[in-house]
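Novice: Here is what each chain is made of, one letter per residue.
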Amino acid sequence: MAGLRLEGLTIAHGGVPLLTLEASIAPGEVLSVMGPSGSGKSTLLSAIMGTLAPGFAMTGRVWLDGHEITRLPPEARRVGILYQEELLFPHLSVGGNLAFGLPRAVRGRAARAARVAEALAEVGLAGFAGRDPATLSGGQKARVALMRMLLAEPRALLLDEPFSRLDAGLRAQVREMVLARARARGLPVLLVTHDAADAEAAGGQVVSLG
Amino acid sequence: MRPLRGAPLLTLLVLLGPVAAGLVGTLAPALGLFPALGGRALSLAPMAALAAWPGLPGAVMLSVGVGLAATVASLAIVVLFVAGWQGTRAMAGLERALAPLLSVPHAAAAFGLAFLIAPSGWIARALSPWATGWERPPDLLIVQDPLGLAMVAGLVVKEVPFLLLMTLAALPQVRPAQRMGVARALGYGRVTGWLKAVFPAVYAQIRLLVYAVLAYSMSVVDVAIILGPGTPPPLSVQVVRWMADPDLTLRFQAAAGAVLQLALVIGVLALWRLGEAVLGGLGRIWAEGGARRHGDGVLRAAGLGLAVLAAGAVIAGLAGLGLWSMAGLWPFPEAWPEALSTRSWLRHGPGLLAPGLETLWIAGAATVLALALVLACLEAEHRFGLVPGARSLWLLYLPLLVPQVAFLPGLQGFALMLGVDMGRGAVILGHLVFVLPYVFLSLAAPWRAWDMRYASVAAALGAGRGRVFRQVRLPMLLAPVLTAAAVGFAVSVGQYLPTLLIGGGRVQTLTTEAVALAAGGDRRAIAVTALAQTLVGMAGFALALAIPRILWANRRGLRAG
Numbered sequence: 001m002a003g004l005r006l007e008g009l010t011i012a013h014g015g016v017p018l019l020t021l022e023a024s025i026a027p028g029e030v031l032s033v034m035g036p037s038g039s040g041k042s043t044l045l046s047a048i049m050g051t052l053a054p055g056f057a058m059t060g061r062v063w064l065d066g067h068e069i070t071r072l073p074p075e076a077r078r079v080g081i082l083y084q085e086e087l088l089f090p091h092l093s094v095g096g097n098l099a100f101g102l103p104r105a106v107r108g109r110a111a112r113a114a115r116v117a118e119a120l121a122e123v124g125l126a127g128f129a130g131r132d133p134a135t136l137s138g139g140q141k142a143r144v145a146l147m148r149m150l151l152a153e154p155r156a157l158l159l160d161e162p163f164s165r166l167d168a169g170l171r172a173q174v175r176e177m178v179l180a181r182a183r184a185r186g187l188p189v190l191l192v193t194h195d196a197a198d199a200e201a202a203g204g205q206v207v208s209l210g
Numbered sequence: 001m002r003p004l005r006g007a008p009l010l011t012l013l014v015l016l017g018p019v020a021a022g023l024v025g026t027l028a029p030a031l032g033l034f035p036a037l038g039g040r041a042l043s044l045a046p047m048a049a050l051a052a053w054p055g056l057p058g059a060v061m062l063s064v065g066v067g068l069a070a071t072v073a074s075l076a077i078v079v080l081f082v083a084g085w086q087g088t089r090a091m092a093g094l095e096r097a098l099a100p101l102l103s104v105p106h107a108a109a110a111f112g113l114a115f116l117i118a119p120s121g122w123i124a125r126a127l128s129p130w131a132t133g134w135e136r137p138p139d140l141l142i143v144q145d146p147l148g149l150a151m152v153a154g155l156v157v158k159e160v161p162f163l164l165l166m167t168l169a170a171l172p173q174v175r176p177a178q179r180m181g182v183a184r185a186l187g188y189g190r191v192t193g194w195l196k197a198v199f200p201a202v203y204a205q206i207r208l209l210v211y212a213v214l215a216y217s218m219s220v221v222d223v224a225i226i227l228g229p230g231t232p233p234p235l236s237v238q239v240v241r242w243m244a245d246p247d248l249t250l251r252f253q254a255a256a257g258a259v260l261q262l263a264l265v266i267g268v269l270a271l272w273r274l275g276e277a278v279l280g281g282l283g284r285i286w287a288e289g290g291a292r293r294h295g296d297g298v299l300r301a302a303g304l305g306l307a308v309l310a311a312g313a314v315i316a317g318l319a320g321l322g323l324w325s326m327a328g329l330w331p332f333p334e335a336w337p338e339a340l341s342t343r344s345w346l347r348h349g350p351g352l353l354a355p356g357l358e359t360l361w362i363a364g365a366a367t368v369l370a371l372a373l374v375l376a377c378l379e380a381e382h383r384f385g386l387v388p389g390a391r392s393l394w395l396l397y398l399p400l401l402v403p404q405v406a407f408l409p410g411l412q413g414f415a416l417m418l419g420v421d422m423g424r425g426a427v428i429l430g431h432l433v434f435v436l437p438y439v440f441l442s443l444a445a446p447w448r449a450w451d452m453r454y455a456s457v458a459a460a461l462g463a464g465r466g467r468v469f470r471q472v473r474l475p476m477l478l479a480p481v482l483t484a485a486a487v488g489f490a491v492s493v494g495q496y497l498p499t500l501l502i503g504g505g506r507v508q509t510l511t512t513e514a515v516a517l518a519a520g521g522d523r524r525a526i527a528v529t530a531l532a533q534t535l536v537g538m539a540g541f542a543l544a545l546a547i548p549r550i551l552w553a554n555r556r557g558l559r560a561g
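So the protein lines, in turn, are chains A and B.
210 is the number that full-length UniProt numbering gives the last residue of the first sequence; the numbers go up by one with no jumps.
561 is the number that full-length UniProt numbering gives the last residue of the second sequence; the numbers go up by one with no jumps.
A portion of the hints provided could be inaccurate.
Stated by the list, open to error - Derived list of chain A stretches under chain B, where covered just means 3 residues or more per stretch with a C-beta under 8 Å from a C-beta of chain B:
(1) 39–52
(2) 67–75
(3) 99–105
(4) 127–141
(5) 144–154
(6) 167–178
To be verified - Quick partial rundown of chain B residues pointing at chain A, CB under 7 Å, derived from the structure:
(7) M47
(8) A48
(9) R556
What the hints assert, rightly or not - Between beta-carbon pairs, the in silico distance windows are:
(10) B/R273 <-> A/D167: 36 to 44 Å
(11) A/S164 <-> B/A169: 30 to 38 Å
(12) A/A172 <-> B/F384: 38 to 46 Å
(13) B/A449 <-> A/Q84: 14 to 22 Å
(14) A/P73 <-> B/A99: 26 to 34 Å
(15) B/A539 <-> A/Q84: 54 to 62 Å
(16) A/V16 <-> B/R273: 37 to 45 Å
(17) A/A121 <-> B/L13: 49 to 57 Å
(18) A/D167 <-> B/G297: 45 to 53 Å
Bear in mind the hints are in silico, worked out from the structure with no lab data behind them.
Cβ atoms here follow ideal geometry from the backbone N, Cα and C, with glycine treated the same way.
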């Protein structure tokens, strides 16, 4: 079965149950998880990514495109994530950030540079490859972060309140860009947010935590 | 992945193995056991011989007195200064001025101070003959005075920058601005409010460092040789003298003295803890008494004055060394030499090349080893979710709390017993014991403060843990890694006793050369050697500052911190 499936996912911290979730997200669909801060939204994403901090215990299974990924290391899961901050690597150029995400299968300097340039052009940032990420505007950073993630060819996308730091005008624009690209690539999307407008714009199912 | 898992254990072994082995090796001869020298049965003879040494009471008093005085004075200056000037521009300025002073080796700072305060030093020259009437250097015992006051001063000027920078590093964790805001709003003066509302929390953070300063000041050897009295010297110096004596039977006495030194340090640390408890109780009563100010203005001025004096003494001392190293004829009471020349450098410089290279070798190797172990420990902590507790912090500080003179002689004894030649390699491992804690303490906080979501993003992009470490975390943390390396390098450059005792006198570094010149009194040779030592120590910091600036010249995101 294609898509992202959470089967009886339960997370506990120090023996205290934190959250339970049963969900199935088809390719191109969005599941919005709402909840106040502290309700374990980010912990849920860590569990799906395989980066749960020690002290948390997880039961249940995570399926992606019919494969169980519960026990895979994070780098092998092909689950992409976008955080509230863009988290562009400050020591790499914009192009370097994108190339970091580009699979090794794309061989040769020229071919890799071409793919990076193409990705930048797709979001209106042609010619930005040599720039220092610290010199970009908020909207530009968000676009680079998105393309970096997509270049890694994930099979699912997790969004950890990725729009909440942007101002209102930019927010709708970036949100639309991210969701449209995820839809176009047929990625199941799990969106974590405390803003009802995000969930509404995303369409799809909404679950509440906490 | 498995070797990484063992990193913390290996680090502890490297850190504590020599200390434990050295202590055993010191304790045995102190109890008469040293087969190679004929000691085959338990006996109290070494202790008795030590007790019979007429200088013992004086040596013990010096060790305890100098240690306590230097620690209390350093801590008081730092506390007064931070209390009065936290968050001001004066504080930021002095912080910047003091940071480079951390890398000045103790020996160089001590020589610089000696050149300032000696009867024929800069201060006497500046005041003569117009104010003092001296046409010749007065016959006063200022340096190497019997009470050890010059030695206390020499320790204070070096410990003030150290404690101050460590205090400032610990300060943000206790949110001083908020605490002070509340205290000031309740009507408390700057200094009184700080002492009552911030100091207790800060002290809890720097307590182990204060203990390290106390243990160090009680048992230091190089500063004592340069600035301390000679008859009797502080106990640690006498132990080293006995160790160096051609009469090998004195080793028993030396071991007994080393054990006594350890007992003294433990005893005084226990006393200090008791003092903490008593003062803590009194302080609580004082804080609850509600008095809003106690001569805050005066204390504030005193804090600034003393801190500037301490920093100024080191800087003026280095300037004095610089001038002496370039001085032609410089008769008393002239404040400036008659001519400047490079003669002293040309004369003594070539001879410093070999010890200089040795210094670089040892410091470089010890630093690289320490950095590798510390990075492996921190990475293991991250990967395996290890949570270091308070106990591991104590273990880290242990080599800084056990006096060097208490365990290094034991290591030498082992080498003698096994007939192994302790060359450069052993000296490097000996330095590593002292370099490692400083590298760890310097790197741990920035390393742990790194935003872990960068690792998650990189993993989501398909990067394994090794790649995240090499290509993301290490480059992003390059500046703190290099700073930690520079700290470790400077610590190694300044080491005297490990080089002397483990190297068996055959490994010569700039520091051992400089200290060896102390007895001779050739000011130009001393100045050149001490400056060379200082420059090597500072070069590490210069590189640590320059490399990230060059490498990340185009990366604004890495220059914010």
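Novice: Confirm or reject each hint.
Specialist: Hints versus structure:
Counting residues of the segment 39–52 of chain A whose CB lies closer than 8 Å to any CB of chain B gives 4, which reaches the minimum of 3, so the coverage claim holds. For the segment 67–75 of chain A, the stated coverage by chain B holds: 3 residues have a C-beta nearer than 8 Å to a C-beta of that chain, and at least 3 were required. Figure legend: the segment 99–105 of chain A, annotated as covered by chain B; annotation consistent (3 residues with Cβ-Cβ distances under 8 Å, at least 3 required). A stretch counts as covered by a chain when three or more of its residues have a beta carbon under 8 Å from one of that chain; for the segment 127–141 of chain A and chain B the count is 4, and the coverage holds.
With 4 residues having a Cβ less than 8 Å from any Cβ of chain B, the segment 144–154 of chain A passes the three-residue criterion, so the hint holds. Residue count for the segment 167–178 of chain A with a Cβ under 8 Å from a Cβ of chain B: 0. That is fewer than the three needed, and the coverage hint is violated. At a threshold of 7 Å, the smallest CB-CB gap from B/M47 to chain A is about 51 Å, leaving the interface hint violated. The restraint placing B/A48 at the interface with chain A is violated, with a minimum CB-CB distance near 56 Å, outside the 7 Å limit.
The restraint placing B/R556 at the interface with chain A holds, with a minimum CB-CB distance near 4 Å, inside the 7 Å limit. Take B/R273 and A/D167: their Cβ atoms lie about 55 Å apart, and the range 36 to 44 Å is violated. In this structure the supplied range 30 to 38 Å holds for A/S164 paired with B/A169, their Cβ-Cβ distance being about 33 Å. In this structure the hint that A/A172 and B/F384 lie 38 to 46 Å apart at CB holds, the actual value being about 43 Å.
A hinted range of 14 to 22 Å for the beta carbons of B/A449 and A/Q84 is consistent with their spacing of about 18 Å. Take A/P73 and B/A99: their Cβ atoms lie about 41 Å apart, and the range 26 to 34 Å is violated. Evaluation of the 54 to 62 Å hint for B/A539 and A/Q84 yields a failure: the beta carbon distance comes to about 42 Å. Checking the proposed 37 to 45 Å range against A/V16 and B/R273 shows it holds: the Cβ atoms sit about 38 Å from each other.
Distance hint check: the CB atoms of A/A121 and B/L13 are about 56 Å apart, consistent with the given range 49 to 57 Å. In this structure the hint that A/D167 and B/G297 lie 45 to 53 Å apart at CB holds, the actual value being about 48 Å.
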